[in-house]
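A.B. asks: These protein sequences, in sequence, are chains R and U.
Using the UniProt record's numbering, the letters of the first sequence correspond one by one to residues 1 to 348.
Using the UniProt record's numbering, the letters of the second sequence correspond one by one to residues 1 to 348.
FYI, nobody ran anything at the bench for these hints, they're computed from the structure.
Bear in mind that the values here come from a model prediction, so they are computed numbers and not experimental data.
Be a bit skeptical, because a hint or two may be false.
What the hints assert, rightly or not - Over the 12 Å line for every Cβ pair with chain R, so calculated as not near, a few chain U residues:
| # | residue |
| --- | --- |
| 1 | Gly20 |
| 2 | Gly182 |
| 3 | Ser203 |
| 4 | Gly217 |
| 5 | Arg275 |
| 6 | Thr285 |
| 7 | Val304 |
| 8 | Thr321 |
| 9 | Thr322 |
| 10 | Ala323 |
To be verified - Just so you have them, the derived chain U footprint on chain R, three or more residues with Cβ under 8 Å:
| # | segment |
| --- | --- |
| 11 | 52-66 |
| 12 | 72-82 |
| 13 | 174-187 |
Claimed, not checked - Examples of chain U residues lying across from chain R (beta carbon under 10 Å, computed):
| # | residue |
| --- | --- |
| 14 | Ala57 |
| 15 | Asp75 |
| 16 | Leu114 |
| 17 | Leu290 |
Positions of the beta carbon are idealized from the N, C-alpha and C atoms, including for glycine.
Number of protein chains: 2
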Amino acid sequence: MTISQKNARITIRTVAADAGVSVAAVSKVLRNAYGVSEDLRSRVEASIARLGYRPRAAARAMRGQADTIGVLLPDIRNPFFSDIMDGVHAALERTRYQSLVGISQSAWSIELALVDAMTDRPMDGLILVAPRMSAADVTVTALRTPTVLIGHHEPDATLFDTVNDDDELGARLVVGHLVAAGYTDIAFLSLAMEDPMNLVVTSRREIGYRAAMVEHGLSAHIDIVRASGSPRASQAAARRLLQGRQRPQAIFCWTDFIALEVLSVARELGLCVPRDLAVVGYDNTSYCDLLQNDLTSVDQSGQVLGLQAARLLIERIKGRTTAEHFLATPRLVARGSSRPRSPERETL
Amino acid sequence: MTISQKNARITIRTVAADAGVSVAAVSKVLRNAYGVSEDLRSRVEASIARLGYRPRAAARAMRGQADTIGVLLPDIRNPFFSDIMDGVHAALERTRYQSLVGISQSAWSIELALVDAMTDRPMDGLILVAPRMSAADVTVTALRTPTVLIGHHEPDATLFDTVNDDDELGARLVVGHLVAAGYTDIAFLSLAMEDPMNLVVTSRREIGYRAAMVEHGLSAHIDIVRASGSPRASQAAARRLLQGRQRPQAIFCWTDFIALEVLSVARELGLCVPRDLAVVGYDNTSYCDLLQNDLTSVDQSGQVLGLQAARLLIERIKGRTTAEHFLATPRLVARGSSRPRSPERETL
DNA sequence: TGATTGATGTAGAACGGTTTACGAACCCCT
DNA sequence: AGGGGTTCGTAAACCGTTCTACATCAATCA
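Build out the structure end to end from the sequences listed, making use of the hints.
C.D. replies: As structure tokens, then:
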């Protein structure tokens, strides 16, 4: 029964020879295609098991099926992206697709190289998370590979789908919450993109912040500061804000990650949160719950976003050609860092 | 000059036709192989640029070169793994290799499936970070694909390389530091693996902890508690430790991530760090520096580990067959969470 | 009984690259 | 002019699958 082929590598031909059938028959069994008798199937499956045969994805890919979807993340330091990946994994659980992740280190050039690498690999589809690349580049990619964007508003796109949180509403929720808690002088520590073309998401949240401030009659207090997402830059921006002569009563931060830096700087400067300064983050990552942070945040449930994105992508791979744009509703989770202001007790 | 092929897809044949040369000639140029005149090369390169041709990795992979290395991470919530990835990226910077990441969600079964998926893809090599799988499974994998392990001591392995921090020393450093700061009742909150076979890394650190405690004459205070890495489990374990009748003076935690949970629980119970409880983490992730955590930790410089792993892997891909085992020296970074005990001032 | 149908299995052409084996052209020497 | 060695370029096989088109055979139908 043992095969004494010259070659050690087990291919579909080895299996065919072992089972005494044709290569095509084995292929049919593998794809459980039409026209296979119960007898043939069991015979082939026995051979596969005996030889420990595994079809090679590269060879399959040459015929179009890669069974792989690529996820492009800006970085993996931000736990929000973990939530997204949880959702993606959940959606892919019972499918034949595997997800493989590329990390662009938030760099525009690496991102482009990675997208190319992934389409060349090839992948059946791509999920781009908060991409830095231009809409034109996304379009080019989408022309070759089914594509879904997360965290990148592009409501008029027809060639790819988008999955987003309603960022404008999220910002409004924050302002509304802080105002209700007695804060009026509310600054927004926003994100500076390296690529000037892509202010889309940024502006959504900034638009919401501005609009809400105006509606509450606080237009005089509007103050938007932008910093890159790095710890150093965030700290520097926070220090500038808090040491300026007009220290704000509250800071709304682009991301929990940045908010944690703000909390640290506040402590360094001897400020007490929330008595001297309220802080609100975004994403409601697991760190918010830790009591040393106790950080109010906006939950945009990354899991749901990831799940939807994966679902839409699979639909697209299966042939859908019309665009879908999913918008989730954010939810504010209040914690200690924005507790209502005690009625004007002055410092201490 | 324009080609009017029926097919829209640009392959090596399209390029060959456009440049008026053979397919093999184009392939030679692509791989800058021997036997290409300057004239031919420039002509082909012009065609490639004009047509925007990109070789497909899947087709290449069939002949052995995938130009891809796979990294398997248990999860991406732990920022220590980000450090490792930074190192990997740095090492791969100027090479032709792309890294693609698979996330096993710390689950043994997913991990196995992912490794299979990656070898099938195929990848030129694999970096397995803190794998849960058995040494036997690793061996099987290494037989098919060059493999390097990070965070998994296997000093006698010959088929694959390992990159590790000296975990035993790391644990000793912690105990030594705490003892010097006046703490004697030191508990170790360690990690429980789902797979009972793999206690290798765990035991290294536990061995170091035990040995150091004994050497300091504190064998009566040895107390090892194990919990899975999840936030919930860590919290529960911390609560049990801190609410027990013999509350330890210090807790040494498997990971910063877990230490942060301990800090949170301590605060919840009204304990003051470090007056009532010292806490030490492991990995020296960026969160340690935040003043609300101010967490003493052991730096095992993930960047270096990642860098070395990628370097060793490339060497192996290029043909090295002897095993190398890299061991980095950890460094203790003292912060507020383990400040020296004030001379017996009792509670408050 | 011959034609039609349906089920099952096979041969062989893709897919898009790499690589081997070899031919043609050119150079330099004697 | 002929022999020997480079250099440049080509044709064709190969990698491991999928998939189309077709062959075979038994059962059913008119």
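A.B. asks: When you look at the beta carbon of Ser203 of chain U, is every beta carbon of chain R farther off than 12 Å?
C.D. replies: 28 Å, holds
A.B. asks: Is it the case that Ala323 of chain U keeps its Cβ farther than 12 Å from each residue Cβ in chain R?
C.D. replies: 22 Å, holds
A.B. asks: Report holds if the minimum CB distance from Thr285 of chain U to chain R is greater than 12 Å, and violated otherwise.
C.D. replies: Given a closest Cβ separation of 9 Å, the condition is violated.
A.B. asks: Is the nearest Cβ of chain R still more than 12 Å from the Cβ of Gly20 of chain U?
C.D. replies: Given a closest Cβ separation of 26 Å, the condition holds.
A.B. asks: Is the claim that Gly217 of chain U lies outside the interface with chain R correct, judged by CB distances over 12 Å?
C.D. replies: Correct as stated: the minimum Cβ-Cβ distance to chain R is 33 Å, above 12 Å.
A.B. asks: Examine the segment 174-187 of chain R for residues whose CB is less than 8 Å from any CB of chain U, and state whether their number is three or more.
C.D. replies: violated (count 0)
A.B. asks: Checking a non-interface call: every C-beta of chain R should be farther than 12 Å from the C-beta of Gly182 of chain U. Is that right?
C.D. replies: Holds, since 23 Å exceeds 12 Å.
A.B. asks: Classify the hint on Leu114 of chain U as holds or violated, based on whether any CB of chain R lies nearer than 10 Å to its CB.
C.D. replies: 7 Å, holds
A.B. asks: In terms of beta carbon proximity below 8 Å, does the segment 72-82 of chain R have 3 or more residues touching chain U?
C.D. replies: Per the Cβ count (6), the hint holds.
A.B. asks: Less than 10 Å between beta-carbons is the criterion; does Ala57 of chain U satisfy it with respect to chain R?
C.D. replies: 5 Å, holds
A.B. asks: Going by Cβ atoms only, is Leu290 of chain U closer than 10 Å to chain R?
C.D. replies: 4 Å, holds
A.B. asks: Val304 of chain U clear of chain R by more than 12 Å, beta carbon to beta carbon?
C.D. replies: 18 Å, holds
Consistency note: the structure conflicts with the earlier hints numbered 6, 13.
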